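2 protein chains.
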Amino acid sequence: MKITILGAGAMGSALTFPLLDNGHEVALWGTEYDVDILNALRGGAHPRIGVKLGKVELYYPEELSEALENSKIVILGVSTEGVVPIFRRIEKEIGERILVTISKGLLDFEGKIVTVPEAIWEIKPDSIRKTVAITGPAIAKEVASKNPTKVVFSCVDIKTAEFTGSAFKTRYFGVELSGDIRGSEIAAALKNVYSIAIAWVRGLETSLNSKLNNIRGVIATMAINEISHFVELAGGRKDTVYGLSGLGDLIATFGGGRNGMLGELLGKGLSTSEALEELRKRGVGVVEGYKTAERAYRMLKQFKAEIEKFPLLRAIYEVLYKDVNVSEVIFRCLQDRI
Amino acid sequence: MKITILGAGAMGSALTFPLLDNGHEVALWGTEYDVDILNALRGGAHPRIGVKLGKVELYYPEELSEALENSKIVILGVSTEGVVPIFRRIEKEIGERILVTISKGLLDFEGKIVTVPEAIWEIKPDSIRKTVAITGPAIAKEVASKNPTKVVFSCVDIKTAEFTGSAFKTRYFGVELSGDIRGSEIAAALKNVYSIAIAWVRGLETSLNSKLNNIRGVIATMAINEISHFVELAGGRKDTVYGLSGLGDLIATFGGGRNGMLGELLGKGLSTSEALEELRKRGVGVVEGYKTAERAYRMLKQFKAEIEKFPLLRAIYEVLYKDVNVSEVIFRCLQDRI
Numbered sequence: 002m003k004i005t006i007l008g009a010g011a012m013g014s015a016l017t018f019p020l021l022d023n024g025h026e027v028a029l030w031g032t033e034y035d036v037d038i039l040n041a042l043r044g045g046a047h048p049r050i051g052v053k054l055g056k057v058e059l060y061y062p063e064e065l066s067e068a069l070e071n072s073k074i075v076i077l078g079v080s081t082e083g084v085v086p087i088f089r090r091i092e093k094e095i096g097e098r099i100l101v102t103i104s105k106g107l108l109d110f111e112g113k114i115v116t117v118p119e120a121i122w123e124i125k126p127d128s129i130r131k132t133v134a135i136t137g138p139a140i141a142k143e144v145a146s147k148n149p150t151k152v153v154f155s156c157v158d159i160k161t162a163e164f165t166g167s168a169f170k171t172r173y174f175g176v177e178l179s180g181d182i183r184g185s186e187i188a189a190a191l192k193n194v195y196s197i198a199i200a201w202v203r204g205l206e207t208s209l210n211s212k213l214n215n216i217r218g219v220i221a222t223m224a225i226n227e228i229s230h231f232v233e234l235a236g237g238r239k240d241t242v243y244g245l246s247g248l249g250d251l252i253a254t255f256g257g258g259r260n261g262m263l264g265e266l267l268g269k270g271l272s273t274s275e276a277l278e279e280l281r282k283r284g285v286g287v288v289e290g291y292k293t294a295e296r297a298y299r300m301l302k303q304f305k306a307e308i309e310k311f312p313l314l315r316a317i318y319e320v321l322y323k324d325v326n327v328s329e330v331i332f333r334c335l336q337d338r339i
Numbered sequence: 002m003k004i005t006i007l008g009a010g011a012m013g014s015a016l017t018f019p020l021l022d023n024g025h026e027v028a029l030w031g032t033e034y035d036v037d038i039l040n041a042l043r044g045g046a047h048p049r050i051g052v053k054l055g056k057v058e059l060y061y062p063e064e065l066s067e068a069l070e071n072s073k074i075v076i077l078g079v080s081t082e083g084v085v086p087i088f089r090r091i092e093k094e095i096g097e098r099i100l101v102t103i104s105k106g107l108l109d110f111e112g113k114i115v116t117v118p119e120a121i122w123e124i125k126p127d128s129i130r131k132t133v134a135i136t137g138p139a140i141a142k143e144v145a146s147k148n149p150t151k152v153v154f155s156c157v158d159i160k161t162a163e164f165t166g167s168a169f170k171t172r173y174f175g176v177e178l179s180g181d182i183r184g185s186e187i188a189a190a191l192k193n194v195y196s197i198a199i200a201w202v203r204g205l206e207t208s209l210n211s212k213l214n215n216i217r218g219v220i221a222t223m224a225i226n227e228i229s230h231f232v233e234l235a236g237g238r239k240d241t242v243y244g245l246s247g248l249g250d251l252i253a254t255f256g257g258g259r260n261g262m263l264g265e266l267l268g269k270g271l272s273t274s275e276a277l278e279e280l281r282k283r284g285v286g287v288v289e290g291y292k293t294a295e296r297a298y299r300m301l302k303q304f305k306a307e308i309e310k311f312p313l314l315r316a317i318y319e320v321l322y323k324d325v326n327v328s329e330v331i332f333r334c335l336q337d338r339i
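Heads up: the sequence lines are chains A and B, in that order. Heads up: the first sequence runs through residues 2 to 339, numbered per the working numbering. Heads up: the second sequence runs through residues 2 to 339, numbered per the working numbering.
So that you can see chain A by itself, here it is in the shape it has in the complex:
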């Protein structure tokens, strides 16, 4: 069947590999930001994932309708902020197609903090049983290299998750199914936030020239348990967090990622504005966890949750937005209950 990927970034492009290996027809549409990538892909490697794609049909920004024509599944492969604008452009044409979201973040939709699929459902309520989220440990370069990976396909309608997952499942790309799309999305979004704190430790190790594995274990444990508590408050399942969507993804991005780069610089003692400036200089794009931290904080307020039950999230928020020092909050974490 024909599957359309909207957005030619790293992850959207990487997903073409299992789809092609399963014999599907794959259309890759680039946004206005992706034109350089599309040009590079005409004969060359993908600039972000470093490999040539297989037999994919490429579509330029003005060819959106052609890209969508006859497709059965549409993957929203744009950044979190791009999802709503792009979805509004296809809303009328989408019909009965299955929508797949892969961006990991929270959205401010008309003043309310929601997950990515929920923003789509606000716009098109009848898409709820047709929306599938992919979460779990999936670094794009590794997927594109066909290195072993396993992810979660979540949907309110488990049959839709199953149908969609079977289009992707290969020997190297394992698929798990879940009905807990809200839990999966929140776990994935919060992972980006808490990854910042875990990477503080790497920065501190460098500046102290000393190993700090013990506190890394403490902070990662606090992270997973706060995410689990958060997801429960949001009506999701704790199991989701202890599975691939939370723990698995957290561990896969332990040593790197943009959120990790930000956290590491903060751990070295830079202020948030200095760290963000440094990342801009290095050409690093949007750090999802930075904005998501503030939105997660507001989401907790929506739940009327006690922020004291999230000491690590509070510490992250204070470091990012109030210029509190990392080494100060690290020692505070030792006193908190996990």
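If you are wondering where the hints come from, they were derived from the structure by calculation, not from laboratory data. One thing to keep in mind: the hints can contain errors.
[Unchecked claim] In silico DSSO-like pairs for lysine-lysine, Cα to Cα no more than 27 Å straight-line:
| id | chain 1 | residue 1 | chain 2 | residue 2 |
| --- | --- | --- | --- | --- |
| 1 | A | K53 | B | K212 |
| 2 | B | K212 | A | K212 |
| 3 | B | K53 | B | K93 |
| 4 | B | K93 | A | K269 |
[To be verified] Derived list of chain B stretches under chain A, where covered just means 3 residues or more per stretch with a C-beta under 8 Å from a C-beta of chain A:
| id | stretch |
| --- | --- |
| 5 | 132-144 |
| 6 | 218-231 |
[Said to hold, decoys possible] Just a sample of chain B residues kept apart from chain A, beta carbon distances all over 12 Å, derived:
| id | residue |
| --- | --- |
| 7 | V36 |
| 8 | G45 |
| 9 | I87 |
| 10 | S211 |
| 11 | Y318 |
Remember, predicted model here, so these are calculated numbers, not experimental data. Think of the CB as a built atom: it goes at the ideal place given N, C-alpha and C, for glycine as much as any other residue.
We have chain A; now place chain B onto it with these hints.
Showing chain B alone in chain A's frame:
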């Protein structure tokens, strides 16, 4: 108060730091295997943790009674295999003293697989409310450097855990309390086993010259969830596993440790006997996870558990004891349910 540590290995010696900082009198007794360490400590650094100890009273193997005299807490700081023989030597003298276990393993006690405290209770049943286990992320060198650490003190009698924990608690050494000593012990022991599998990935990365973070996330997630299921079968609590005793410790030892060294060599394609021989050549001591894997397998049989529900443990067992190849079992993991 006076606290006696039996065994002058890395962890027993590291624990002298928070105890001295809290003003306690600390007696460190060395076994027959520790004489070189005791000699080195007379004026020099501890050969395993690389730092000088503070004002600790050192006792040689023949001075066991003197070391124990007037102490209120006795820490069994010997290897897992050493616990029963050493305990039998002090059994008559121990009286009302609190016993603290720190070794992470399972014991074959008269043909039955039990945790370390349970072996003690088999010998001295009235010690059950006086036995405290320390688990959680605590790499000895980091404790000795007073780097931030947080561990769990577990006891059937929470008041005993609290009293003992307060002897250790400092600004850099955080303490959490738990009543789930069985769960904590099993989580800690199994962590050593599953660390082998997580380190396979490092070995494979080297031999394939490719990053495999996604599958590392998958395997670590499987590990934690199998340990959690195992602990539940054993009558412990899942929360214990998702806390510092399981997840926290697993993450702290991610990049290293003896179990990790063994796993890495297996991931590079060595057979178990080749890998163990290589570690002997490098002067690496007992790899706790190797023996514990086999005992964990037998413990599951004691529970009459379905081994199919532990696909990763089975894979570890097959790699360690049946010379099955790591890359074969890795791809099998993608098909298993987590």
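Against the earlier hints, flag every one the structure doesn't satisfy and list their numbers going up. Those not satisfied are hints 3, 4, 10.
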